[in-house]
Amino acid sequence: MSDFNLANFATALINDSESPGISPVEAPFGQVLPVLLDSSLQCWKHSPDLAIVWTQPHGVVKGFGDLLQGESVALDDIMSGVDTYAEALFKMSRKVHVVFVPTWITPNSLVPEGLLEMRSTGAHAILTQMNLRLSDLQNRTPSIHILNTEKWLRTAGKYAYNPKLWYMAKVPFGSEVFREAVADIKSAINGIIGNARKLIVVDLDNTVWGGIVGDLGWERITLGGHDPHGEAFADFQKGLKLLNRRGILLGIVSKNEEEIALEAINRHPEMVLRLDDFAGWRINWKDKAQNLADLVEGLNLGMQSVVFLDDNPVERARIRETFPDVLVPELSDDPMLYRSKLMDLRCFNLPAISGEDLRRTKMYQAERQRTGLRDRIGSVDEWLKSLLIEVRVEELNCANVGRVVQLLNKTNQMNLSTRRLAEKELMDWPQEGKRKLWTLRVSDKFGDSGLTGIMSMEWNGDEGRIVDFVLSCRVMGRKVEETMVHVLLQQARLVSLRTLQAEYLPTAKNAPCLRFLDSIESACRNGNLFIWDVTKDVPLPECIACTVVEGFPQA
Amino acid sequence: MGEILEAILKAVDDVNLQLPVDGRIERSKAAKLTGDDGKLDSLGLVNLIVAVERSVESHLGRNVVLTGDSTMSQAESVFASVNSLVEHVEKLLKEKEVG
Numbered sequence: 000m001s002d003f004n005l006a007n008f009a010t011a012l013i014n015d016s017e018s019p020g021i022s023p024v025e026a027p028f029g030q031v032l033p034v035l036l037d038s039s040l041q042c043w044k045h046s047p048d049l050a051i052v053w054t055q056p057h058g059v060v061k062g063f064g065d066l067l068q069g070e071s072v073a074l075d076d077i078m079s080g081v082d083t084y085a086e087a088l089f090k091m092s093r094k095v096h097v098v099f100v101p102t103w104i105t106p107n108s109l110v111p112e113g114l115l116e117m118r119s120t121g122a123h124a125i126l127t128q129m130n131l132r133l134s135d136l137q138n139r140t141p142s143i144h145i146l147n148t149e150k151w152l153r154t155a156g157k158y159a160y161n162p163k164l165w166y167m168a169k170v171p172f173g174s175e176v177f178r179e180a181v182a183d184i185k186s187a188i189n190g191i192i193g194n195a196r197k198l199i200v201v202d203l204d205n206t207v208w209g210g211i212v213g214d215l216g217w218e219r220i221t222l223g224g225h226d227p228h229g230e231a232f233a234d235f236q237k238g239l240k241l242l243n244r245r246g247i248l249l250g251i252v253s254k255n256e257e258e259i260a261l262e263a264i265n266r267h268p269e270m271v272l273r274l275d276d277f278a279g280w281r282i283n284w285k286d287k288a289q290n291l292a293d294l295v296e297g298l299n300l301g302m303q304s305v306v307f308l309d310d311n312p313v314e315r316a317r318i319r320e321t322f323p324d325v326l327v328p329e330l331s332d333d334p335m336l337y338r339s340k341l342m343d344l345r346c347f348n349l350p351a352i353s354g355e356d357l358r359r360t361k362m363y364q365a366e367r368q369r370t371g372l373r374d375r376i377g378s379v380d381e382w383l384k385s386l387l388i389e390v391r392v393e394e395l396n397c398a399n400v401g402r403v404v405q406l407l408n409k410t411n412q413m414n415l416s417t418r419r420l421a422e423k424e425l426m427d428w429p430q431e432g433k434r435k436l437w438t439l440r441v442s443d444k445f446g447d448s449g450l451t452g453i454m455s456m457e458w459n460g461d462e463g464r465i466v467d468f469v470l471s472c473r474v475m476g477r478k479v480e481e482t483m484v485h486v487l488l489q490q491a492r493l494v495s496l497r498t499l500q501a502e503y504l505p506t507a508k509n510a511p512c513l514r515f516l517d518s519i520e521s522a523c524r525n526g527n528l529f530i531w532d533v534t535k536d537v538p539l540p541e542c543i544a545c546t547v548v549e550g551f552p553q554a
Numbered sequence: 000m001g002e003i004l005e006a007i008l009k010a011v012d013d014v015n016l017q018l019p020v021d022g023r024i025e026r027s028k029a030a031k032l033t034g035d036d037g038k039l040d041s042l043g044l045v046n047l048i049v050a051v052e053r054s055v056e057s058h059l060g061r062n063v064v065l066t067g068d069s070t071m072s073q074a075e076s077v078f079a080s081v082n083s084l085v086e087h088v089e090k091l092l093k094e095k096e097v098g
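Protein chains in written order, with numbering that gives the first Met the number 0: chain A, 0 to 554; chain B, 0 to 98.
Since the hints were derived computationally from the structure, they do not count as laboratory data.
None of the hints are false.
Below, in silico cross-link-like pairs of lysine-lysine (DSBU-like), each with a Cα-Cα straight-line distance of 35 Å or less:
#1 Lys157(A) to Lys28(B)
#2 Lys409(A) to Lys444(A)
#3 Lys169(A) to Lys28(B)
#4 Lys157(A) to Lys95(B)
#5 Lys31(B) to Lys185(A)
#6 Lys163(A) to Lys90(B)
The shape of chain A in the complex, shown without the other chains (with noise of 0.2 Å):
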């Protein structure tokens, strides 16, 4: 939806060959709000997955168009024009999953530039708070997205506005400012969908330090200091380090001797990442290849989770051979451009941090602490009684429905029907006939894992039947998976139900679900189906606590 020509951002959208594929139905020229507003218009009968509205602020808030004309307007009058058209976005995202509205910019020939424009009266400075005004938007609904447009002017550069376009065609932007915006989208669409990489694996000399430590010492590694090089690899440091924050794992594949690597990365004063800020590492002589899989696996992760960052270029081309899903860009040849290379991915992108994103890492180390013990004890069994898990089970509610809407979305391994909900629907799905979710939290005396499980029944009459049954590779093979079923029909016994039946849904990466419901020696199996008894237990496992929120069985 816009209010200028279209035509050449929706081409840029379909010729663009990343997933996902886009196939873009343009609304009506210039009628925004009617579009906005009525559900009745030809181009709401495709049902869209998302929205893309984006617009001129001169276009949709009229005082601010007479403001460009150098008329006296009061601020006021323009931000109930903003809350006007927010109002109406607002109301149009419960047509749609997502909705995208690129903030708004004013082309260099509307308004002369100086240093009246960022005055409180000025354009620049309206249009800053007009845009903050409707990126309040996200706080009411977590389905409207801002994004910059600013960015993809800056780097589109001096071909990002051509008068020429607008006074002939009513395209207000170069076709770099769209290939930009698409790209943008796309990333964004693949954060929400749970497709965003979450590990960065990096290599050690010249790429986060310059030299070969094992030949300098760490004392004589080029690192942070008044040189150029060093300052700049200090700076991609800090670039890992802030992904980090955000919940993006590290790991170090590096052919070193892993002594005299990790004491330049625990002694160097200038290191900016330390061993507690790396999920994993793999540091010896082996080929790098091996040693990715090795440290992947150990994570639990898959290779289309992980960017591969190496100075080498044959080692670069090596892991791109042998694993065409792990994300491995060229790193320029020099390290000045390192920082900016890595801010330039798009594979990052998030609509939300949740508390658990931050306490990633430090999960993983509890999980070294367990796998430790796991070596030490020996069986099975006694090593996980000795963990001291406890399992809370709370239903859906407002507080956990973000950490449940991006496990549910991004958890491919342990998932029955890989069902995918943006987080308006699933509040709503328990809502809509006799159905209820379920969340579980795993904590064990190394730590808590946060909120890692989702089950979620529905039934009618005496028969039930489980819709979603979802558990975080983080916690897998602890008898977990065994307490939910107990749990379920524990649950289906309250209704009074007579049978319950899973229907496993085969996907390229579930196996482990079908493994484990093949291993419950209590269901009956044909084909995909998986049906219990209900009056038949499946008994607590002894290694597991399970605490229970009112108004649900006690375990």
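Given the coordinates of chain A, work out where chain B should sit on it, guided by the hints.
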């Protein structure tokens, strides 16, 4: 003329990015641009005009204006093909030198 042809073909490359995959302009002197056999609609022609002006400036360091009367009054013939466009741009640049 070789340089002008090359600049225009680079503009064609840019415009092709804005066309459907199965509706792109052939990268040759003989390629049709507008008209019955052409690939460009009215928006495509605007995109081409902007792209050619930009390409001539960045590759040849010269300014050419394709939206003036002398061009738009003969738009049908000027933009019929890559070849006719090359000839027209060459003519405009020569007129500027002489003028």
